[in-house]
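Asks: Each chain, letter by letter, is given below.
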Amino acid sequence: MKELLFKEFKLALHPTTYLFLAIGALLLIPAYIYYVAFIYTCLSIFFVFLIARENKDALYTVSLPIRKRDAVKARCLMVAIIELSQTLIAVPFAIIGIRINPNPAGNVAGIEANMAFFGLVLIMYALFNFIFLSQFYKTATKVGGPLILSSIALAIYVTAAEAAVQMIPYLKTHLDTTDPATALYRLPVLILGIIIFALSLGYTYRKSAANFEKVDL
Amino acid sequence: MEILSVQNLNKRYPKFDLKDVSFSLEQGYIMGFIGRNGAGKTTTIKSILRLVHQDSGTVTVLGKDFAADEFACKQQIGLVLGGINYYPQKKLKVIADVTRRFYPEWDAAAFSGYLKRFDLDPDKTIKELSDGMRVKFALALALSHNARLLILDEPTSGLDPVSRDDLLELFQELIENSERSILFSTQITSDLEKCADFITYIKKGEIIASTARDDLVDSYKLIKGTSAQLTDALLPRLIGCKKTDFGFTALLRSADLPCAAGLQVDPSDLESIMIHIEKE
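Heads up: the protein sequence lines correspond to chains A and B, in order. Using this note's numbering, read the first sequence as starting at 241 and increasing by one per residue. Using this note's numbering, read the second sequence as starting at 3 and increasing by one per residue.
The set of hints was computed from the structure by calculation and includes no laboratory data. Some clues are possibly wrong.
In silico lysine-lysine, DSBU-like type, Cα no more than 30 Å apart, as pairs [to be verified]:
no., chain 1, residue 1, chain 2, residue 2
1, A, K382, B, K17
2, A, K454, A, K382
3, A, K313, A, K447
4, B, K92, A, K296
5, B, K129, A, K242
6, B, K66, B, K118
7, A, K296, B, K95
Here are the computed distance ranges between Cβ atoms for each label pair [claimed, not checked]:
no., chain 1, residue 1, chain 2, residue 2, range
8, A, I321, B, L172, 36 to 44 Å
9, B, R119, A, L259, 24 to 32 Å
10, B, V164, A, G442, 48 to 56 Å
11, B, Q189, A, V331, 58 to 66 Å
12, A, V331, B, A74, 29 to 37 Å
13, A, T399, B, P106, 47 to 55 Å
14, A, A438, B, P16, 39 to 47 Å
15, B, G40, A, A404, 35 to 43 Å
Which stretches of chain A does chain B cover? Using the computed rule of at least three CB atoms under 8 Å from a CB of chain B, they are [what the hints assert, rightly or not]:
no., stretch
16, 260-267
17, 283-297
18, 305-318
19, 450-456
Beta carbons are placed, not taken as given, at the ideal position from N, Cα and C, and that holds for glycine.
Throw the hints in and build the complete structure from the sequences for me.
Replies: Structure representation (structure tokens):
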């Protein structure tokens, strides 16, 4: 598997993806819908698939001594590595952002960049991964359709998550704040996010591999 | 020793079927895989390697079942689908660096030897190579992991006659005194006259012959005659009869030669066999 991951990063990844990893810097903006920073990462993952397709990656990869499903596994892992790296890199920006913008009203555009938010972002990634990858591997060539479907799902999810936090008073007071006193209420959301992300990744791999197995290259 | 065996491979498409494709290749030989465009050559090769999802059939490589032991089987195979056309912007050395990691038997010294021999510059990108050079680079990769079975899909198409001849000579050299075998598909029958020991002929998804080249050529004769000689008794035995103003030319099974008394009988070649059989 490490050979396949090496191949993914050496051949399929465009160098701009590394630049995109630092897009967590958007969390420094005082009033912003912070989900947007992470949606950019979904876009950079889309580019990986686009570049791989344009370079006929699938035919090269499956001609190597691997099984078709190994190619899917490597791609799933690569996606998870990009997403988790970007999320981790965003954490210091979130901490700095809170310090340099001591705004009593907090982020007026959306949820604060706190633990709960990071949990919700991981759930967003889980949703994106499942829809984008499993749809892509139905054809292994069409990237537009999976992008549209996953974008619609992401738009609905982000709108619903933001609306819930802003409109439900209990969530507003406990989740949309960086007050250390209520931090314990936000931790379960983060843990839930991690669990859903991990479970979704496993399921995404199984579903995508099954879809790819049926594809005639 | 049997290096490749394909048994009853079936693949159904809406407008095309691969029907019970079976053939086998012994160690130390070159097999040419011929057929018209769209006859199923590439589909067969892709089905062998499971790039295409086969409906039924078994493939064994050096006695190992491909489906059960895909990793071991693929270690033994060097696959060249046309020339290399993936990652055209990448340098040869980068592609090689990625590829070598998958093969425990990778021989770095052999690889640099092949690069020198084929006059390939590792700092060039794939897109800078001509079609012939791309095939050679793919061969260099396959040979450096010590592949026993080279499967090449139309390696000579698009090459000029000199490069083609060069490549065919190389094929012969590669199997001489070695444990390798080559299966290559082509629609250029003269390629096969030069180097193939065996021919597998596919027509509309069905294998119609898989035999030694000389046996195949000997089993047919090319006959010519006048219109008057084209009798009702003779006609059903003729294969791909072409009528002209002066008479006819057709293919006849050697076994049917007694029917051809008084007609001009010439030895056949792969091209005439293919042309007449495809006319049926």
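Asks: Could you run down the list of hints and mark each one as holding or not?
Replies: Comparing the hints with the structure gives:
1. A:K382 <-> B:K17: 22 Å, holds
2. A:K454 <-> A:K382: Cα-Cα ~15 Å, so holds.
3. A:K313 <-> A:K447: 11 Å, holds
4. B:K92 <-> A:K296: 13 Å, holds
5. B:K129 <-> A:K242: 27 Å, holds
6. B:K66 <-> B:K118: The given pair, whose Cα atoms are some 34 Å apart, is violated under the 30 Å limit.
7. A:K296 <-> B:K95: Given that 30 Å is the threshold and the Cα spacing comes to 18 Å, the pair holds.
8. A:I321 <-> B:L172: 36 to 44 Å: At 42 Å between Cβs, range holds.
9. B:R119 <-> A:L259: 24 to 32 Å: 41 Å, violated
10. B:V164 <-> A:G442: 48 to 56 Å: 55 Å, holds
11. B:Q189 <-> A:V331: 58 to 66 Å: 60 Å Cβ-Cβ, so the 58 to 66 Å window holds.
12. A:V331 <-> B:A74: 29 to 37 Å: Violated, at about 45 Å.
13. A:T399 <-> B:P106: 47 to 55 Å: 52 Å, holds
14. A:A438 <-> B:P16: 39 to 47 Å: 40 Å, holds
15. B:G40 <-> A:A404: 35 to 43 Å: Check failed, 57 Å falls outside 35 to 43 Å.
16. 260-267: violated (count 0)
17. 283-297: holds (count 3)
18. 305-318: Since three or more residues must qualify, the claim that chain B covers the stretch 305-318 of chain A holds, with 4 doing so at under 8 Å.
19. 450-456: This one holds; 4 residues, not fewer than the three required, reach chain B with a Cβ under 8 Å.
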